[in-house]
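Trainee: So the chains spell out like this:
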Amino acid sequence: MLERYLTAASTYAHWIDYQFLLIAVLVGFWLIVAEGAMFWLIFKFRAKNGRPTQYITGEEKHLVRWITIPHILVILCDIVIIVPAIMVWYNIKQVLPPPDETVRVIGQQWAWSFQQAGPDGVLDTADDIRTVGELHVKVNTTYHFELMSRDVVHSFSVPSFRLKQDALPGRTITGWFRPNRVGTYDIQCTQMCGIGHAMMAGRIIVETPQNHAAWLMRNANPAAAGLQLPPASAGNEAATVAEVQR
Amino acid sequence: MSAGAKPIANTRSGTGIPTARLITWWVIASEIVIFGGLLASYVMHRIGHPEWAESASHTNTWAGAFNTFVLLTSSLCAVLAHKAADAHDGPRAARLLRLTALGGLIFLTVKGFEWAADFREGFVLSSGGFWSFYYTLAGLHGLHVLAGMIIMLIIASEAAKNQEMQRVECIGLYWHFVDIVWIFLFPLLYIAR
Amino acid sequence: MTTEAHVQHPNYVKIWAILVVLLVVSVLGSMTHIRDAVLIAAFGVAVIKAYLVAKNFMHVNVEKRWVPYLLVVCLLFIAILLAGVAPDVMKNSGENWNKNPSSQSAPSVAGAATKNE
Amino acid sequence: MSTEVQHAEPGIFQKYFLSTDHKMIAMQYLFTGMAMALIGGFFAYVFRMQLGFPNQHVPGYGLVTPGKYNALVTMHGSIMIFWVAMPVLIAAFGNFLIPLMVGCDDMAFPRINRLSYQIFLLSALVLLASFLVKGGPFGGAWTGYPPLSAVGAYNLTPIGATLWLLAVALEFIAFLLGGINFTVTTMNSRAPGMKMYDIPLVVWMIVLASVIFMCSVGPLIAGAVMLLFDQTMSTGFYDPTRGGDPLLWQHLFWFFGHPEVYVVLLPALGIVAEVVAVFARKKIFGYKTVLYTTWSVGFLSFVVWAHHQFVAGIDPRMANIFSITTLLISVPITEMVFLYIATLYGGSIHLDTPMLWGLAFIGEFMIGGVTGIFLGSSGTDIYLHDSYFVIAHFHYTFVPIAIIAVYAGLTFWYPKMFGRMLNETLGKIHFWGTVIPFNVIFIPLFITGTAGDQRRVYSYAQFAEQSRPALQHLRTTSTIALLFMLAFQFVFIFNFFWSLRRGKRADANPWRSSTLEWTVPSPPPHGNFAELPIVYRGPYEYGLPGCAEDFAPQNVPDAALAGRSRA
Numbered sequence: 001m002l003e004r005y006l007t008a009a010s011t012y013a014h015w016i017d018y019q020f021l022l023i024a025v026l027v028g029f030w031l032i033v034a035e036g037a038m039f040w041l042i043f044k045f046r047a048k049n050g051r052p053t054q055y056i057t058g059e060e061k062h063l064v065r066w067i068t069i070p071h072i073l074v075i076l077c078d079i080v081i082i083v084p085a086i087m088v089w090y091n092i093k094q095v096l097p098p099p100d101e102t103v104r105v106i107g108q109q110w111a112w113s114f115q116q117a118g119p120d121g122v123l124d125t126a127d128d129i130r131t132v133g134e135l136h137v138k139v140n141t142t143y144h145f146e147l148m149s150r151d152v153v154h155s156f157s158v159p160s161f162r163l164k165q166d167a168l169p170g171r172t173i174t175g176w177f178r179p180n181r182v183g184t185y186d187i188q189c190t191q192m193c194g195i196g197h198a199m200m201a202g203r204i205i206v207e208t209p210q211n212h213a214a215w216l217m218r219n220a221n222p223a224a225a226g227l228q229l230p231p232a233s234a235g236n237e238a239a240t241v242a243e244v245q246r
Numbered sequence: 001m002s003a004g005a006k007p008i009a010n011t012r013s014g015t016g017i018p019t020a021r022l023i024t025w026w027v028i029a030s031e032i033v034i035f036g037g038l039l040a041s042y043v044m045h046r047i048g049h050p051e052w053a054e055s056a057s058h059t060n061t062w063a064g065a066f067n068t069f070v071l072l073t074s075s076l077c078a079v080l081a082h083k084a085a086d087a088h089d090g091p092r093a094a095r096l097l098r099l100t101a102l103g104g105l106i107f108l109t110v111k112g113f114e115w116a117a118d119f120r121e122g123f124v125l126s127s128g129g130f131w132s133f134y135y136t137l138a139g140l141h142g143l144h145v146l147a148g149m150i151i152m153l154i155i156a157s158e159a160a161k162n163q164e165m166q167r168v169e170c171i172g173l174y175w176h177f178v179d180i181v182w183i184f185l186f187p188l189l190y191i192a193r
Numbered sequence: 001m002t003t004e005a006h007v008q009h010p011n012y013v014k015i016w017a018i019l020v021v022l023l024v025v026s027v028l029g030s031m032t033h034i035r036d037a038v039l040i041a042a043f044g045v046a047v048i049k050a051y052l053v054a055k056n057f058m059h060v061n062v063e064k065r066w067v068p069y070l071l072v073v074c075l076l077f078i079a080i081l082l083a084g085v086a087p088d089v090m091k092n093s094g095e096n097w098n099k100n101p102s103s104q105s106a107p108s109v110a111g112a113a114t115k116n117e
Numbered sequence: 001m002s003t004e005v006q007h008a009e010p011g012i013f014q015k016y017f018l019s020t021d022h023k024m025i026a027m028q029y030l031f032t033g034m035a036m037a038l039i040g041g042f043f044a045y046v047f048r049m050q051l052g053f054p055n056q057h058v059p060g061y062g063l064v065t066p067g068k069y070n071a072l073v074t075m076h077g078s079i080m081i082f083w084v085a086m087p088v089l090i091a092a093f094g095n096f097l098i099p100l101m102v103g104c105d106d107m108a109f110p111r112i113n114r115l116s117y118q119i120f121l122l123s124a125l126v127l128l129a130s131f132l133v134k135g136g137p138f139g140g141a142w143t144g145y146p147p148l149s150a151v152g153a154y155n156l157t158p159i160g161a162t163l164w165l166l167a168v169a170l171e172f173i174a175f176l177l178g179g180i181n182f183t184v185t186t187m188n189s190r191a192p193g194m195k196m197y198d199i200p201l202v203v204w205m206i207v208l209a210s211v212i213f214m215c216s217v218g219p220l221i222a223g224a225v226m227l228l229f230d231q232t233m234s235t236g237f238y239d240p241t242r243g244g245d246p247l248l249w250q251h252l253f254w255f256f257g258h259p260e261v262y263v264v265l266l267p268a269l270g271i272v273a274e275v276v277a278v279f280a281r282k283k284i285f286g287y288k289t290v291l292y293t294t295w296s297v298g299f300l301s302f303v304v305w306a307h308h309q310f311v312a313g314i315d316p317r318m319a320n321i322f323s324i325t326t327l328l329i330s331v332p333i334t335e336m337v338f339l340y341i342a343t344l345y346g347g348s349i350h351l352d353t354p355m356l357w358g359l360a361f362i363g364e365f366m367i368g369g370v371t372g373i374f375l376g377s378s379g380t381d382i383y384l385h386d387s388y389f390v391i392a393h394f395h396y397t398f399v400p401i402a403i404i405a406v407y408a409g410l411t412f413w414y415p416k417m418f419g420r421m422l423n424e425t426l427g428k429i430h431f432w433g434t435v436i437p438f439n440v441i442f443i444p445l446f447i448t449g450t451a452g453d454q455r456r457v458y459s460y461a462q463f464a465e466q467s468r469p470a471l472q473h474l475r476t477t478s479t480i481a482l483l484f485m486l487a488f489q490f491v492f493i494f495n496f497f498w499s500l501r502r503g504k505r506a507d508a509n510p511w512r513s514s515t516l517e518w519t520v521p522s523p524p525p526h527g528n529f530a531e532l533p534i535v536y537r538g539p540y541e542y543g544l545p546g547c548a549e550d551f552a553p554q555n556v557p558d559a560a561l562a563g564r565s566r567a
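Residue numbers (this note's numbering), protein chains in the order written: chain A, 1 to 246; chain B, 1 to 193; chain C, 1 to 117; chain D, 1 to 567.
Chain A extracted, bound-state conformation:
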């Protein structure tokens, strides 16, 4: 149900969408039942003069049953909801599949910056690529992200991946995502982090392996040289996206 509102672009996105749908169905049913019961009772027992009210204490067995049975069913629905919810949480936040690549995501007051392994594929080497506000990833590859913050609490959120994790200063939090759809998606900061909270937008660009390799070459600085920010986004990037969009 969620994908009607926002594209699902990572493997575990549809787990969360199914969980949302499951809750929506169960909870929606009980909402309609309860609201319907209320309006029906209001209509049926509206004040007609001459009709005295019944003296009901609430201990009458045959009436209490009308509450305990739906209540037990609601509890069953709760259990039906909680089990998949915990499984979804367990598989997203607790169990991290083996990473193909690792990215370091650093939140600071009012920008996301990223550190990726350069052509040598190893992080924290001289040829790492550091970008600000833009993260280039390969499609169908499992990424681990090491999330840190340099000042206040930020929250790394990619709605299309259904990914959200707060970045706490003083902590390194590891999570994973595996994009399965090429395209450009928003990165948001969803935790109040001061005056520039709304300006902290980033973009995560999911590319085909060829485009990613090309980008890697373009941005790999010679091993010894200092850090180099990415050139203005390449002209042909829009073309590659269209060409790949099957």
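The set of hints was computed from the structure by calculation and includes no laboratory data.
Among these hints, one or two may not hold up.
[Claimed, not checked] Result set (DSS-like, lysine-lysine): computed pairs, CA atoms no more than 25 Å apart in a straight line:
#1 B:LYS161 to B:LYS83
#2 A:LYS44 to A:LYS61
#3 B:LYS83 to C:LYS55
#4 C:LYS64 to D:LYS195
#5 D:LYS428 to A:LYS48
#6 D:LYS428 to A:LYS44
#7 B:LYS83 to C:LYS64
#8 B:LYS161 to B:LYS6
#9 B:LYS83 to C:LYS14
#10 D:LYS288 to D:LYS195
#11 C:LYS14 to C:LYS55
#12 A:LYS61 to D:LYS288
[Stated by the list, open to error] Counterexamples of contact, computed for chain D against chain C with all Cβ distances above 10 Å:
#13 LYS15
#14 TYR61
#15 ARG111
#16 PHE131
#17 PRO158
#18 ALA191
#19 MET233
#20 TYR345
Note that this is a predicted model, so its numbers are computed, not measured.
Beta carbons are placed, not taken as given, at the ideal position from N, Cα and C, and that holds for glycine.
Position chains B, C and D relative to chain A; hints supplied.
Mentor: Only chains B, C and D this time, still in chain A's reference frame:
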């Protein structure tokens, strides 16, 4: 409602406990949760940061021990005051309450000297995690001792005229609670190193 | 309004003496510098002293039953707080996260936070 | 045993500002709460205009910059919870109703009661002062997470942040004093014959709310002392580079935060129970069950707090425990709502304005409760946390609590408070003019929330996925609906002040209700009861067989019941 006249509501005792003591128990319950929260945060940080033990070793255990002794003695005077109040001996209760308040004063002066020594050694509120908690905990406790002393002197002045004798027991309860908080503070701040 | 003597007053000075002895025990315990002995002595003594003060000085034993229950429930809430918060604040690492050693904050990134267009 | 107390006729200042009469203190809380509601509502108008019509001049305010937006959102949240919901729901109704419904002349400690209002007024003034200081009011969200709230360089409102924290701390102290007074009065000063199960539900609920507040606010007061030192004395309680931990504040805050939302919910449930029982002319269905579920909700509210922090960096293993306890707490709340609906069965429902508000509360609160399940289950919370779905969820619980239930209580007890009847037609216009726009405000926000809108963001221009025109239309519709809702509030304000002088004069028991406050003239004189009542039965004896009228007041002996003519 002139200030003096008590409402009927204050005189009734549906639970069998007079309203003065009932409200004291509720004050103590909410104080437990306040000191509990602060002590819980301190304990978690102490276990999480073993390196604080080094700065904890600079606290003066003797001053802490003497202060515990002072508070225990003043608690004794407080409960003797309650015994005197039960025997409707107002002046004696007032004298004992004033002795208890004196104990509190001694406690605060010893703490004053202790803190002065710590300041001279350069340990202030913002010099590290342990010292922040040390001054916050001891400071909040000291404020409660001070508040207890002031209220105690007011109650003592009324008890001397055999008025409002039930309040002697209530301020005694509060004082014992402040003593128990110090009983836990003493090992946490002075002995755990 | 006089208070009806709802408590029988035990020998307070005797209890006070026990408390002072316990205090001396805990201070001596701290002299031994055996880490665990010190902690057990100090906190064990503290719990006993707190029990003595509560029972004898505060007359909790003769109070209405629900008063000690109320105080214990408040302590229970603090225990719940401790149980819920300890895995994060007390420990330096956990499942998929660890605290950076406090000296080293997150690595710096070259250049100011330039917004790329 | 009459209660004539001879004292000089008090002067204006003495009578209105230094009075220790619980009814006067209730009015002070009520009017301060309503004034702060106007301020909070104005802030909502301003930042909704910025969201509905981005970056345009907001009439009556000017241009909303990101810094101002953060401050507006923070102050709207803080004011509406701490300075509107709690004072009006707990202190105003609590102070007015508890002595009257429990059958005594005043609160057990009138001067502590007066002190609690004075400290509350001081806290409100300290908060208002933070609007005028350099840098403006605090802008780091009503939760005030450090290091943003602890370091002036990060939040750019250092003085505002400290004043906000002091104001909140003072407000806590005011409600500790008030809460203790309510609890002691209800426990000790009940009328003879009023046993535990004869206490009206609204008194039970306000007392339980005060107890939950007292037990949960402690750790946050400790946290606030630590945050104050971090802000002013450069200590490092929440500074990770100096051994502190920002998560400690989040835990202490939400350990208080979640019981806090039940603290404001319970008085609203109590008011609605009274209103529904009176206007359906029916005994509450299962009074004891409602009480037991209230107790279990009260206790469970202490073990659910970290569902606000699923993705906030707590250990992922803890999230499952809190997800289970959150689903657990939805069980007693469901039972209570079912019992309220079951009360309507077999009744004769008079749809006067208070009843309309009461039923609207049940209907709207169910939507709020139901959408909580999406956020309580840890799986979906990964996506929905800090999105507009959360905003819509908690407004579907807070607006029924702080606005709909308060209007139910005000329209129900207005005749008793002021001796005049409110105008019914104006009441109905105001009812429909508030409830319908309310839904049109927040249903679209559910949709924008599921589409990924994050909260506390002054404009979505930077985010491609969120600047889709469809979402902007929803935000604009929501803003326009808010304008309608705010406009209709003036109908109530007019009705409130017009009826003060020219409303139909109300007798002692206009709604033919059976609780004790309706046995005294309205407005009740000083000292309330000419003859302190003795209680013979429970509060909701409606439709009692063998009784001349369809209600049996609590203070009428059984023998005299049959012979009662229609008074």
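Trainee: Would you list, in rising numerical order, the hints stated earlier that this structure does not obey?
Mentor: none
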